[in-house]
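Protein sequence lines correspond, in order, to chains A and B. Okay, so the first sequence: first residue is 1 according to the working numbering, each after it adds one. Okay, so the second sequence: first residue is 1001 according to the working numbering, each after it adds one.
Hint data in this document are derived by calculation from the structure and do not stem from the laboratory. A quick note: this is a predicted structure, and the numbers were derived from the prediction, not measured. Be a bit skeptical, because a hint or two may be false.
The calculated label-pair distances, taken between Cβ atoms and stated as ranges, are [what the hints assert, rightly or not]:
no.	chain 1	residue 1	chain 2	residue 2	range
1	A	V192	B	K1300	33 to 43 Å
2	A	S5	B	K1187	29 to 39 Å
3	B	W1127	A	P210	53 to 63 Å
4	A	G154	B	E1301	35 to 45 Å
5	A	Q65	B	D1212	47 to 57 Å
6	A	G154	B	L1204	17 to 27 Å
7	B	L1204	A	V188	15 to 25 Å
8	A	F10	B	K1124	19 to 29 Å
9	A	D198	B	K1163	52 to 62 Å
10	A	I60	B	G1288	44 to 54 Å
11	A	L38	B	A1058	39 to 49 Å
Note that the Cβ used here is the ideal one computed from N, Cα and C, for glycine as well.
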Amino acid sequence: MNILSEYISFMLERQDQILSLTGQHIYLTFTAVFLAILFAVPLGIAITRFEKVAGIVVGIANAVQALPSLALLGFLIPIMGIGSKPSVVMIFLYSLLPIIKNTYTGLTNVDRAILEAGKGMGMTNWQLMRMVQLPLALPVIMTGVRISAVTAVGLTTIAALIGAGGLGQLIYRGISMVNNKMIITGAVPAMVLTLIVDYLLNILERAVTPKGIKKK
Amino acid sequence: MKKYTLIMLAILFAFAHIVSFSGLAYGASPASGIIVVGSKNFTEQMVVGNIAAELLEAQTNLKVEKKLHLGGTNVCFEALKRGSANNGIDIYVEYTGTGLVNILQMEAKTDPQKVYETVKKEFKDRWNLIWLEPWGFNNTYTLAVKEEFAKQNNIETFSDLAKFADQLIFGCTMEFMERPDGYPGFKKAYGFSFKEAKAMDVGLMYAAIDNDLVQVISAFATDGLLVAHNLKILKDDKKFFPPYHAAPLVNGEVLEKYPGIAEALNKLANSITDEDMQKLNYKVDGEGKDPAQVAREFLKERGII
Chain A
1 MNILSEYISF MLERQDQILS LTGQHIYLTF TAVFLAILFA VPLGIAITRF EKVAGIVVGI
61 ANAVQALPSL ALLGFLIPIM GIGSKPSVVM IFLYSLLPII KNTYTGLTNV DRAILEAGKG
121 MGMTNWQLMR MVQLPLALPV IMTGVRISAV TAVGLTTIAA LIGAGGLGQL IYRGISMVNN
181 KMIITGAVPA MVLTLIVDYL LNILERAVTP KGIKKK
Chain B
1001 MKKYTLIMLA ILFAFAHIVS FSGLAYGASP ASGIIVVGSK NFTEQMVVGN IAAELLEAQT
1061 NLKVEKKLHL GGTNVCFEAL KRGSANNGID IYVEYTGTGL VNILQMEAKT DPQKVYETVK
1121 KEFKDRWNLI WLEPWGFNNT YTLAVKEEFA KQNNIETFSD LAKFADQLIF GCTMEFMERP
1181 DGYPGFKKAY GFSFKEAKAM DVGLMYAAID NDLVQVISAF ATDGLLVAHN LKILKDDKKF
1241 FPPYHAAPLV NGEVLEKYPG IAEALNKLAN SITDEDMQKL NYKVDGEGKD PAQVAREFLK
1301 ERGII
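Chain A on its own, in the form it takes in the complex (with noise of 0.2 Å):
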């Protein structure tokens, strides 16, 4: 009971600190995450048309995936220097996987007869694309950008090694100055945010699901 009142009392005195942090955290995971869709997506769409070059994007990918965050880092100070800059491409190259991946999957998986069905109709290959197979993909693209976004907010924590600020600044203080009072209120507030921006796509996911393949 005391040491509960305990932090409370000193998440309370740094109120404005940890606000700010989360606004930080926030700004840097979300601009990244919005990058990444604007680029992972249509790339992802694109590789649907040329099958051959599928592999080596997803493979590229992969690899960026495969490096750890604090190497990445490591190769970016020396182009980009510190702070908010090279911290959104770290975290905007980690997000591009997943995206690229389940757009690709998603699109790639509609049910054959139902392409034959619109080509049938006449439709176009820009509007088979358009009316059929991205609303049908739609779920499985938002479950990516939701994995990416997750990832991203525990990922974020890192930028603050590279004074970007964000809720990491905290747990690394409270590392290095031995303060687990400190940890936990860097700790917690991310661990909120993330269950909130999961629980905030998983409502985007369910209300872009076409309402034929929607479990009822």
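With chain A fixed as given, assemble chain B onto it according to the hints.
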């Protein structure tokens, strides 16, 4: 319906994006008249980073931005070479030994004056980075054990550890594990090694020795956590570790533009002892005070601000 959902979605994303952009302009590169002070990611660096920032704010008419707790020597050094005009930093406090051994990759020396002169000359020639006057304290590497363990076994110096070494697990920072003047050099100079050596984060090292997962740790001579965790610093009887005097390191172009920086930061030349620094660090680590507050109090006490 679906179309509207999609449009709403797009608007939502765009809106959140705009809000976060306008609300937090912290990503923008600083205008002229602003200098950026950095620091590495441990307590003492937070304190000296804040001291430098407070000092500059009070003694010059520059606007000071802080980018403290950056992830290590490499991040600070790379950022300093770029300067704040290129998304980097302009100043951070570096240690002479780190400059010599880590950055210049030169052989360690024991004479503090020689080390300082070497780094001063080399940094200026190679990267136009300027070392200002050292502030006095020497945050050299050392080894620490639990106070009671030292008492029981009568351990005062590194050499005293030799007969126990094969039963002890050694915990150290990742940097210490790799540096030629860290564990590899130590083994050669003292002729013994521990049962096992484990590298970990600085903060976690103390948790490890508290819980007896390791029995000896690498430590910094001015570390406040040593007091907080009842640890004893052992004497480097063979004088193996090179000196690590702290001094502000400044980007040369920035210094040329604002020469007042040197004047302000040199006010602390040779005026902080090891004990002073350890006390300041203890205020953060032991008493849980904010490094910025500790820095301000210190400068007020000295009558500098």
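Q) Can the suggested window of 29 to 39 Å be confirmed for the beta-carbon pair A:S5 and B:K1187? A) 49 Å, violated
Q. Do the beta carbons of A:F10 and B:K1124 sit within 19 to 29 Å of each other?
A. For A:F10 and B:K1124 the Cβ distance comes to about 45 Å; the hint is violated.
Q.
Assuming the hint says 17 to 27 Å, is it satisfied by the Cβ distance from A:G154 to B:L1204 or not?
A. Holds, since A:G154 and B:L1204 (Cβ atoms, about 19 Å apart) stay within the stated range.
Q: Confirm or reject the claim that A:I60 and B:G1288 have a C-beta distance inside 44 to 54 Å.
A: 47 Å, holds
(Q) For the hint 33 to 43 Å, verify it against the beta carbon of A:V192 and that of B:K1300. (A) 38 Å, holds
Q. Does the Cβ pair A:Q65, B:D1212 satisfy 47 to 57 Å?
A. Violated, at about 39 Å.
Q. Between B:L1204 and A:V188, does the beta-carbon spacing fit 15 to 25 Å?
A. 20 Å, holds
Q) Range hint 35 to 45 Å: satisfied by the CB atoms of A:G154 and B:E1301? A) 42 Å, holds
Q | Beta-carbon spacing of B:W1127 to A:P210 - inside the hinted bounds 53 to 63 Å or not | A | Check passed, 59 Å falls within 53 to 63 Å.
Q) Does the Cβ pair A:L38, B:A1058 satisfy 39 to 49 Å? A) 46 Å, holds
Q: Note whether the CB distance of A:D198 and B:K1163 lies within 52 to 62 Å or breaks it.
A: Roughly 56 Å apart at Cβ, these two residues keep to the hinted range, so it holds.
Hints 2, 5, 8, counting from the list given before, are not met by this structure.
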